[in-house]
Every structure is written in C-alpha cells, then in structure tokens.
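The listed protein sequences derive, respectively, from chains A and B. -16 is the number of the first residue of the first sequence in this note's numbering; add one for each residue after it. 48 is the number of the first residue of the second sequence in this note's numbering; add one for each residue after it.
Just so you know, these hints were derived from the structure itself, not from any lab. All residues carry an ideal CB built from backbone N, CA and C; glycine is no exception. Heads up, some of the hints might be wrong.
[As the list claims (entries may be wrong)] If you anchor each label on the Cβ, the simulated ranges turn out as follows:
1. B:G160 to A:G71: 28 to 38 angstroms
2. A:L105 to B:A209: 46 to 56 angstroms
3. B:E126 to A:Y80: 34 to 44 angstroms
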Amino acid sequence: MLSKKKILLVDDSATALLMEKMVLQREAYDLIEARNGEEALDKAKSEHPDLILLDVIMPQLDGFQTCRALRDHAETRNTPVIMVTTRGEPVNIEKGYTSGCTDYVMKPIDSFELLTKIRSYLET
Amino acid sequence: MTHDGNTSYVERIRSDTRDYLEGILEENGRLRRMAASLESEVLRLREEQVEQKRHSLELREELERFKSEKLRLELELGEISAANGRYLDQAQVVERQNNDLAHFFIASDRLAGTSDRERILLSVEEILANFVACEEFVVQVGTDSDDRRILLAIGIDEESAAALLKDSQLLAEALTTGEVVQPPLQRTGLEGRSIPRITAVVPLRIDDRMLGAIVLFRLLPQKTRLEEGDLELLRILGLHGGTALVASGLRPRPSIVREVSA
Chain A
-16 MLSKKKILLV DDSATALLME KMVLQREAYD LIEARNGEEA LDKAKSEHPD
34 LILLDVIMPQ LDGFQTCRAL RDHAETRNTP VIMVTTRGEP VNIEKGYTSG
84 CTDYVMKPID SFELLTKIRS YLET
Chain B
48 MTHDGNTSYV ERIRSDTRDY LEGILEENGR LRRMAASLES EVLRLREEQV
98 EQKRHSLELR EELERFKSEK LRLELELGEI SAANGRYLDQ AQVVERQNND
148 LAHFFIASDR LAGTSDRERI LLSVEEILAN FVACEEFVVQ VGTDSDDRRI
198 LLAIGIDEES AAALLKDSQL LAEALTTGEV VQPPLQRTGL EGRSIPRITA
248 VVPLRIDDRM LGAIVLFRLL PQKTRLEEGD LELLRILGLH GGTALVASGL
298 RPRPSIVREV SA
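Assemble the whole structure, with the sequences as input and the hints as a guide.
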C-alpha cells in the first residue's frame, strides 16, 4: 500500500492554515503545521515532508529566509517548496525563486490552482 | 548404278524421310505441348490479374473506410476536447464556489470561537488579508461622526482614514441600510496611481443595530475588484464581527445605535 504524501504547512496566520487544511484534506495527504520559520525548519528536518507550503510574510524569519535555510540543508535541499505570497509583483516573485522556491501561489489562494500544482510536484 | 544400288538409295531416302518426319512430328508434339503450357500460364496470369484487381479494389475500399473512421474519430476527439474544456470550466467554477464556502465557514468559525477583542480583530485582519486580499482597512466603531473611534487600522494611518471617512456618503449609506456598500467607479490620482479610496464599507451590526463599520481601502495588486463571494464574506464578517465585538464587551451606547431604515 502506498504511503500518504506529507505536506508541511507554514503560516503565522491561523486563518490561512485553516483554509489550507480544508483544501488539502480533500486529498489523501498527511498535513503538519508550523507557525513560523524556525518551527518550519525543525519540522522539515524531523518530519521529512514531501512538499512545503510556505508563507512569505512571517515575523522574525520570513518565508524567503526560511526557504534559503531549507536549501542549505542536505535533507531539505530537494523538497519542493511552494511559496504563498501576498504581493504578486515580479520583484517579489523573483525574490522567491532566488531564495530557492520551486513555485508560488498568491493570496487569496485559488484551491484549484493549489491542488493542481501540488499534484504535479508530488506525482512526478 | 545397278538395280540393287537404286533400291538401297531409295530405302535410304525413305529412312531419312521417315526419320525426318518423325523428328518433325516429335518437334511438333513438343511445340504443341509448349503452346498448351503457355496457354495455361496465360490463363493463370489472367486469373491472377483479376484477383489482384479485386484485392486492390478491396484495399481501396478499406482505405476509404479507415479515412472515414479517422475523420469520425477526429470529430469525436474534438467534441470530447470541447466537453473536457467545459467540464474543466465547470470544475473551476465549482472549486471557486467551494473556496467561497470554505471562507464563509472559517470566518464564522473564527469570529464565533472567541470573545477576546484582540483575537476578534486579529481574525478580521487575517480574513481580509488572506481571503479578500485587502491590504488597507480600518475597523471603526460608533455611528455618529462625533462618536467614532478606530479599533484597528491596517496599512493606513488612523488620521488619514478618519479624514477619508469624515463626511463619507458611502459610510452613511452603509450605516443606514445595513448593507455592504461599494463606490461605482475607481478614481486614479494625477500620476495614474490609485489614491486611497474606499473600496467597500461593511456595516458592523448585531441583528438590525449598527455598531460601526469595517472600511476597506486598497486591495492587493493581484485583486482588481471584489467578487460576489467576497461581498457575501464581507456581509458575514459584518454580522459575526459585530456580534463578536459586542460579546467581547463592546457596548453600543444608545445614542450611537442606528436602526436599519425600513
């Protein structure tokens, strides 16, 4: 029997996390949460998620810094990271890719787009 | 020549002639057999040609059938692609509706789940940022111009917000009707950038009593306008937000309570 894919959800907003969980619970994923960048790094190393959904705007360690730290570690270097951005200007998108993210979605999250992207990264 | 000599010559001639005739007859027979064989071969080849023509015709007919079938399948594939496209569009519409419903549920859940004012305001902030993509808004209580105070201002300072709301017709309309109100057109400044303007006014209410308003100013760049789902969410926000704020200890003073007009 195939094991479920594991997704780490990182956001300091309880509301945003709740929405992401509601969307992703429709699929057979194991979901784990982190409320900030530091917690995200710890859980990424301990839980070995198959994909990380990472908010950009977070206090202390923001999404860009967290993503760079994930890429610096051998265990998380190749884990797909989808950044959740509030602002969709090209400079922010470029910053996301420069920090090492795999893809991005903008808020408000379009569940169809999010699920399509997650499936494409987890099923290849 | 003697009589015996003549006889043997004649016998030799007869023998030679007989041999010659036999040879000719044999050759004749051989040639007849060859001719018969050739005729059979010709007949066989003719039959084979007829068979090949028939086979060629069958192949042509089969080719035509394949071409028709290919055309039919291409048309069917086109119809299936078009249907796929329609289903995909429908799936996206349904997904969007599901999104909206999830927003409504979460908004109601977050606001009903606490009576702590800070948490209520945080929930309002998160709902507007994450679900409506609004980056500038205020939560104001009080319905009379001399009794208003801003509980929360995000992305805009209180003074600027207060100045914009001072004689706002939109605010007055929202507080009178109890409905979410939007201005009709987008204004832009001289340099083409949108100047802070009211995108929507959401009356904070409990039952039919107005408590104040949530005023949305600028939306995030990727959000060009409020959709139907957003307006419904804002209505829920105004209703549940008002109830939650009252539960948190916010007491509307009788003088600032404005009933919804009939």
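Index of numbered hints that the structure contradicts, given in increasing order:
none
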